[in-house]
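Mind docking chain B on chain A? Use the hints.
Chains A and B, in that order, are what the protein sequence lines are.
If you're matching positions, the first sequence starts at 1 in UniProt numbering and goes up one per residue.
If you're matching positions, the second sequence starts at 1 in UniProt numbering and goes up one per residue.
Please keep in mind that the hints were generated in silico from the structure rather than gathered at the bench.
Any given hint could turn out to be false.
Each computed DSBU-like pair below joins lysine-lysine, with the alpha-carbon atoms no more than 35 Å apart [claimed, not checked]:
| # | chain 1 | residue 1 | chain 2 | residue 2 |
| --- | --- | --- | --- | --- |
| 1 | A | K455 | A | K343 |
| 2 | A | K191 | B | K191 |
| 3 | B | K352 | B | K455 |
| 4 | B | K100 | B | K343 |
| 5 | A | K352 | A | K191 |
| 6 | B | K352 | A | K352 |
| 7 | B | K455 | B | K343 |
| 8 | A | K343 | B | K237 |
| 9 | A | K237 | B | K352 |
| 10 | A | K237 | B | K343 |
| 11 | B | K100 | B | K455 |
| 12 | B | K191 | B | K100 |
| 13 | A | K343 | A | K100 |
| 14 | A | K455 | A | K100 |
| 15 | A | K100 | A | K191 |
Covered stretches of chain A (chain B as the covering partner; in silico rule of three or more C-beta atoms under 8 Å from a C-beta of chain B) [said to hold, decoys possible]:
| # | segment |
| --- | --- |
| 16 | 11 to 19 |
| 17 | 23 to 37 |
| 18 | 127 to 136 |
| 19 | 161 to 169 |
| 20 | 175 to 186 |
| 21 | 219 to 226 |
| 22 | 322 to 332 |
Take a look, some chain B residues computed to stay more than 10 Å from chain A by CB distance [what the hints assert, rightly or not]:
| # | residue |
| --- | --- |
| 23 | D12 |
| 24 | E30 |
| 25 | E305 |
| 26 | T320 |
| 27 | G327 |
| 28 | Y398 |
| 29 | A424 |
Built from N, CA and C at the ideal position, the CB exists for glycine as well.
There are 2 protein chains.
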Amino acid sequence: MTTTRTSPLLTDLYELTMLAGYHHHGMHREPAIFDLFFRETPFHGGYAVFAGLEPALDALENLRFNSEEIAYLESLNLFSADFLDELARFRFTGSVRAPKEGTPVFANEPILSVEAPLAEAQLVETLLLNIINFQTLVATKAARIVRAAGEAQVLEFGLRRSQGPDGAMSVARATCIGGVGSTSNVLAGMKYGLPVKGTHAHSWVMAFDDELSAFRAYARSFPDSCILLVDTVDTLKSGLPNAITVARELRQQGHELLGIRLDSGDLAWLSRQARRMLDEAGFPGVRIVASNELDEEVIRTIREEGGRIDIYGVGTRLATCAGRGGGALGGVYKLVAIRNQPKMKLTADIAKATLPGRKDVWRLCDENGEIIQDVIATPGEQPARGMTVYDPVNPTRYRRLEENFECRPLLDTVMRDGRRTRPAPSLDTLAAFCHQELDHLPQGTLRSVNPHRYKVSISPALHELREDLRRQMQT
Amino acid sequence: MTTTRTSPLLTDLYELTMLAGYHHHGMHREPAIFDLFFRETPFHGGYAVFAGLEPALDALENLRFNSEEIAYLESLNLFSADFLDELARFRFTGSVRAPKEGTPVFANEPILSVEAPLAEAQLVETLLLNIINFQTLVATKAARIVRAAGEAQVLEFGLRRSQGPDGAMSVARATCIGGVGSTSNVLAGMKYGLPVKGTHAHSWVMAFDDELSAFRAYARSFPDSCILLVDTVDTLKSGLPNAITVARELRQQGHELLGIRLDSGDLAWLSRQARRMLDEAGFPGVRIVASNELDEEVIRTIREEGGRIDIYGVGTRLATCAGRGGGALGGVYKLVAIRNQPKMKLTADIAKATLPGRKDVWRLCDENGEIIQDVIATPGEQPARGMTVYDPVNPTRYRRLEENFECRPLLDTVMRDGRRTRPAPSLDTLAAFCHQELDHLPQGTLRSVNPHRYKVSISPALHELREDLRRQMQT
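Same shape as in the complex, but just chain A (with noise of 0.2 Å):
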């Protein structure tokens, strides 16, 4: 499989012409940090997924001005020749830090940060956002359908309400990461390794001259693959009757109806419904399969309401992450050290001022592996018992670590020198460790409506350079 080619022209202008700029000032060699981070959780949820690392690690290896790119440059009338020159040898020779894919984070921690001389990581930051802010935010919606369809299973078919052709593989991939085991997108399938499910359109019972006839005519052809869509003439008194009598003649030639599918009118009555007249005849391993404009919150409706569905085909509310809070993550990309010392924006509005300089990001958990919080620290300062954390954005709030914890690192070196420290890890790897992180989650972090606030601190010496550089910024 290869990799497609990203063009370092998917880029805003601005990124170029600063670029331009720093290289006319002699300063496009400086070494700069820029970190990733987002400032409100999607979905007014309690979390988000980490997801679009590797993809955007591939864009990074891979990034290089052909000859076409440099001659449509010229043609802008915006660029010096030395300029050109210089972006015709350009590569990314810097290093990223970032945790591991499916990790769940949270508002004002980075999740990805950069060192690089000041072009190069100037240059990468719409395309690190293009990726990353989408693939978590799809990530995220994913794991909230999966944990909202209990043991459900879930099935992604977004393809025709993405945004184009990848935008699609973004959502499966991303949507694979969340806790999705399969999807409808065969290209996705081949591509990421995952497993490809579908039943049919309405269109295959229309093309024949009644139901049961379609229903025969499918199940001649896939007999052991068989799930039968039920809405198309009328899903009670017709659709069921007929897949029940297919079910029948199936089995007579020793084979068993997979499934039915639901994909119009209250889902949750008519999989009762069907549920039951499956059982009466006798096919209590038919599995009920539905859709039609399912998120989380239609999904944990169905379940109080008793609906008897086992598996959910989520589409278009998944692949545009529709819902409150959804629709885009608001990553941002901001530079916080050059020339190695620390930079802070400091604005009117305070909830848009910046964190300065390099940090680590601390997870705290305790004895038993349960994640009690996150801890932002500069270099070389590790949370401990006792110690003083303050407010990401509100300096005046502090609490004190009262805890017994031991904490772990979350941002890696995942490229260096412009090269991947190690291999990508595989998808299913990738969603397992999401899953468990979950787990490990404080229970109400997880609550898909009015979330407990996760905490993000702080260190005492973060406080204090953020501190120095407020007083010396107002004077």
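Coordinates of chain B only, in the frame set by chain A:
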């Protein structure tokens, strides 16, 4: 510029299992017609802007299975060797009828119709929906924003919040058809010939010791295209005074500051203050750019409050098609004829019934070219004054065409025997066409909130056909 190959595996698995089934039952070559349409106008608005046709035609012309893809399908153990041989020889040989991109289109009318052997028409369902749904949605959002902005320009910079790399490319392309004149996405600039625009980021200011030094440096690098971001420290107390200082210095050197950008705070109020300060300092020509979670509703409010913004930079909410009734266009693709027999889906939910058979769509205009309504008709049937036409969803609602009108067909044959019938029009042409067509819509239809419902009717013969089929199916 080479076209990126679209893999035929970019499809839902069920398309392939249905294909295998049709092949198994010897139905794959039966002539079929499928219509693509939507049931609800996005954003609760009065119209949608049709887009995505040319990329869809590109994909259809080049749809081929390669050996790696066939081998992958073989590995699924779902498909016979015969069928896989057939796939290896797959070509799309059908016809496509559609409006020109940029055409305002409405609920329940076909916006694309495919006539092809059943297998071919079925296989392309997911691909067509993926491309047309999203581009039409974005073009519509763009048109809404452009109309809200009035005389001000609109600049697209949604790259960092779109669904991955080519999500962003689709956004830039469709946005242009909807009337957004320029983009920050450099690759889209190159690929689609769009003007690229940009300013600089907060990081530019932070990379220098102070804001004034940063502004001076940027102005030295780009003396004739300098737009300064003024909110890094404090918009009115620091950003504007420093920008004015630099504007004076530039003027002494024979250049003019191009603009300033506001990216936070109360944009209506700040833009009025900024305009006053710039004017008083002798810089009435410096343009004011604004950004920060803008969309048609925010822009309208800013203008109502007397905001003085010359250029709106629109990102997240455009790229994600945010807003009430946004997020996704629910386009569907339904079988309407097979073996030259009209087909209709009849469900308990009357709104989900389909219109049977091959159809033309006529657009009726008055003597001044003002658009009156659309009529969906059977082949050979043309709307005439005095004709009784029916609601496309509710057969008990009808009206007489009382007006004098001329009418023109909306659907052109854009592909025949699997080849385009004409070259792709330029995006400029499509954008101009869209602008002009929207101007001829009934005024109430253009209203962004609670618009007048544009009339789409069905002809007497189509009404009869629907009633006949309904009676047949209900007996």
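Hints and how they fare:
The straight-line distance between the Cα atoms of K455/A and K343/A is roughly 24 Å, inside the 35 Å bound, and the hint therefore holds. Using a Cα cut-off of 35 Å, the hinted pair K191/A and K191/B holds, with the two alpha carbons roughly 26 Å apart. Proximity of K352/B to K455/B is assessed by CA-CA distance (about 18 Å); at most 35 Å being required, the pair is judged to hold. Only pairs whose Cα atoms come within 35 Å are accepted, and K100/B paired with K343/B is accepted, the gap being roughly 26 Å.
Restraint check for K352/A and K191/A: the C-alpha separation of about 39 Å exceeds 35 Å, so the hint is violated. At most 35 Å may separate the alpha-carbon atoms for a hinted pair to count; K352/B and K352/A exceed this at roughly 47 Å. Between K455/B and K343/B the alpha-carbon distance is near 24 Å, which keeps this suggested pair within the 35 Å criterion. Only pairs whose Cα atoms come within 35 Å are accepted, and K343/A paired with K237/B is accepted, the gap being roughly 21 Å.
Between the alpha carbons of K237/A and K352/B the distance comes to roughly 18 Å, so the proposed pair stays at or under 35 Å and holds. At roughly 21 Å between alpha-carbon atoms, K237/A and K343/B fall within 35 Å of each other, so this suggested pair holds. With a C-alpha separation of about 20 Å, the suggested pair K100/B and K455/B falls inside the 35 Å cut-off, and the hint holds. A C-alpha spacing of about 21 Å is found between K191/B and K100/B, which places the hinted pair at or below 35 Å, so the restraint holds.
Restraint check for K343/A and K100/A: satisfied, since their Cα atoms lie roughly 26 Å apart, inside the 35 Å limit. The suggested pairing of K455/A with K100/A holds, with an alpha-carbon distance near 20 Å, which does not exceed 35 Å. Only pairs whose Cα atoms come within 35 Å are accepted, and K100/A paired with K191/A is accepted, the gap being roughly 21 Å. Note: the segment 11 to 19 of chain A has 8 residues with beta-carbon separation from chain B under 8 Å; the three-residue rule is met and the coverage holds.
With 6 residues having a Cβ less than 8 Å from any Cβ of chain B, the segment 23 to 37 of chain A passes the three-residue criterion, so the hint holds. Only residues whose beta carbon comes within less than 8 Å of a beta carbon in chain B count, and the segment 127 to 136 of chain A has 6; three or more means the coverage holds. Chain B is given as covering the segment 161 to 169 of chain A, and this holds because 9 residues of the stretch bring a CB closer than 8 Å to a CB of that chain, at least three being needed. Note: the segment 175 to 186 of chain A has 3 residues with beta-carbon separation from chain B under 8 Å; the three-residue rule is met and the coverage holds.
By the rule of at least three residues with a Cβ nearer than 8 Å to a Cβ of chain B, the coverage given for the segment 219 to 226 of chain A holds, with 4 such residues. A stretch counts as covered by a chain when three or more of its residues have a beta carbon under 8 Å from one of that chain; for the segment 322 to 332 of chain A and chain B the count is 6, and the coverage holds. Its beta-carbon lying about 4 Å from the closest one in chain A, D12/B breaks the requirement of being farther than 10 Å from that chain. A cut-off of 10 Å between C-beta atoms contradicts the statement that E30/B is not in contact with chain A; the least separation is 8 Å.
Every CB of chain A is more than 10 Å from the CB of E305/B (nearest about 20 Å), matching its label as outside the interface. Non-interface status of T320/B relative to chain A is broken: a Cβ of that chain comes within 10 Å, the nearest being about 4 Å off. The claim that G327/B is not at the interface with chain A is violated, since a C-beta of that chain comes within 10 Å of its own (minimum 5 Å). The beta carbon of Y398/B is kept farther than 10 Å from every beta carbon of chain A, the shortest such distance being approximately 27 Å.
Every beta carbon of chain A lies more than 10 Å from that of A424/B, the smallest distance being close to 17 Å; the non-interface claim holds.
Checked against the numbered hints given earlier, the structure breaks hints 5, 6, 23, 24, 26 and 27 and satisfies all the rest.
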